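Next come the chains, spelled out residue by residue.
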Amino acid sequence: MNGVHDLGGMQDFGPVHPEPNEPAFHAPWEGRVFALNQAAGAWRKWSVDAWRHKIEALPPADYLRMSYYERWFAAVGELLVDSGLVTRAEIEGGQPAPDSIKCVPALSADGVPLMRRSGALSRRDDKIAPRFRVGQRIRTRNMNPTGHTRLPRYARDKHGTVERDHGVYVFPDATAHSLGEKPQHVYSVRFAARELWGAEASPRDAVCLDLWDDYLDPA
Amino acid sequence: MGAHDHDHQVVPSDPALRVKALESLLVEKGLVDPKALDALVETYETKVGPRNGARVVARAWVDPTYKQRLLADGTAAIAELGYGGAQGEHIVVVENTPQVHNLIVCTLCSCYPWSVLGLPPVWYKSAPYRSRAVIDPRGVLREFGLELADETELRVWDSTAELRYLVLPERPSGSEKLDEQALAALVTRDAMIGVSKVAPSSRGAGA
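If you read the protein sequences in the order shown, they are chains A and B. Numbering (the numbering used here) for the first sequence: 1 to 219. Numbering (the numbering used here) for the second sequence: 220 to 426.
In short, the hints are calculated from the structure, not lab data. No experiment lies behind these values; they were computed from the predicted model shown. Please note that the accuracy of each hint is not assured.
Here's a subset of chain B near chain A, in silico, CB distances under 8 angstroms, partners left out [claimed, not checked]: (1) 248; (2) 249; (3) 251; (4) 264; (5) 282; (6) 283; (7) 285; (8) 303; (9) 342; (10) 362; (11) 363; (12) 366; (13) 370; (14) 376; (15) 403.
From the three backbone atoms N, C-alpha and C, an ideal C-beta is built for every residue, glycine too.
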């Protein structure tokens with residue numbers, strides 16, 4: 001989706017503002033939102049890419065106005081409703097529906113260290129042949145899907161070089177929409193800054209992106 | 220806040236209240252355990268942070284064979300020090316040298332190597348950084364007080380997939396006599412993102 005989240009190369013957002021000694025969370029509610037997303041995610045009703053797509057699908061003006069954890073809060077509410085874990089009426093009313101059956105939480109306090117240590121593996125052992133080899137010149141596809149994608153606009157229809165083959169990973173354009181895993185190779189692809197941004201860019205600079213087979217064609 | 224406040228419940232506008240309302244609902248439905256939420260917050264406030272990454276960097280500075288393993292397979296080498304898991308499942312370490320400087324960004328969202336750096340700072344997740352790190356990286360570095368020489372090669376890594384990047388900064392001059400622990404104390408989060416260098420150790424200790 002050509003959404004406002006696809007920020008690479010945009011201008012006029014102003015300077016970067018680092019904050020000295022920044023805390024992990026700026027208010028207790030931010031920590032709760034972070035934790036709610038993790039704990040609700042432990043039900044495994046949605047993929048990380050479905051979650052990312054929820055955030056991307058916020059109305060553009062809201063996306064830019066909201067703070068980071070406000071976006072996370074909006075996303076988890078929507079995903080809870082989509083997945084059927086919660087109804088919209090329950091969220092609006094703040095109470096479980098009378099016929100709601102009480103569950104046992106998917107994640108207990110004791111389970112937190114294990115969940116953190118294991119993470120979520122999106123790499124797959126499928127024996128799938130790579131479409132490209134290290135050193136090969138490629139051209140990214142000119143594509144404008146209306147769903148989730150991890151090929152940013154600034155890197156579409158550009159020439160680059162495959163730097164490294166990372167192996168086989170699930171394909172976010174599919175997993176975000178429950179269309180299966182469509183596993184395929186991911187490569188670090190290097191683009192000269194001048195290829196992306198024109199003659200004004202430094203001749204010594206490059207941008208590397210991690211891109212799936214389905215984003216690439218031979219140059 | 221009295222009980223009557225809930226009688227005509229509409230979604231409150233204050234984020235703290237809205238979050239509290241959702242948490243209460245999920246707890247009542249048995250979907251989340253409040254103690255698990257406490258544990259998650261505590262983990263990322265106290266246990267997982269840039270000190271982890273600093274230990275990795277210091278080890279690489281003192282142990283050339285470790286450094287080799289780290290650059291060849293970041294995930295496995297980092298696991299040797301006990302770090303891994305969520306948002307550190309697949310880590311690539313990129314080395315700064317006098318010729319090459321690396322910078323990490325996620326233009327599409329906020330991908331960041333949690334297992335070694337903790338949760339990302341606000342600026343890393345913000346529109347100014349995400350938009351300009353790829354088109355004007357030297358300008359961004361200048362805002363962090365880092366002026367790169369024209370002849371330095373700058374590589375920006377946009378974390379578009381599930382690989383997470385960590386910069387191995389250059390060991391600063393004047394740090395030759397420091398042990399691993401003292402070296403780790405010099406390493407900053409910003410240097411491991413690539414928006415700064417590790418400052419020479421001579422600053423405080425003299426010489």
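query = Going through the earlier hints one by one, which of them does the structure break, listed in rising order?
reply = 5, 6, 7, 12, 15
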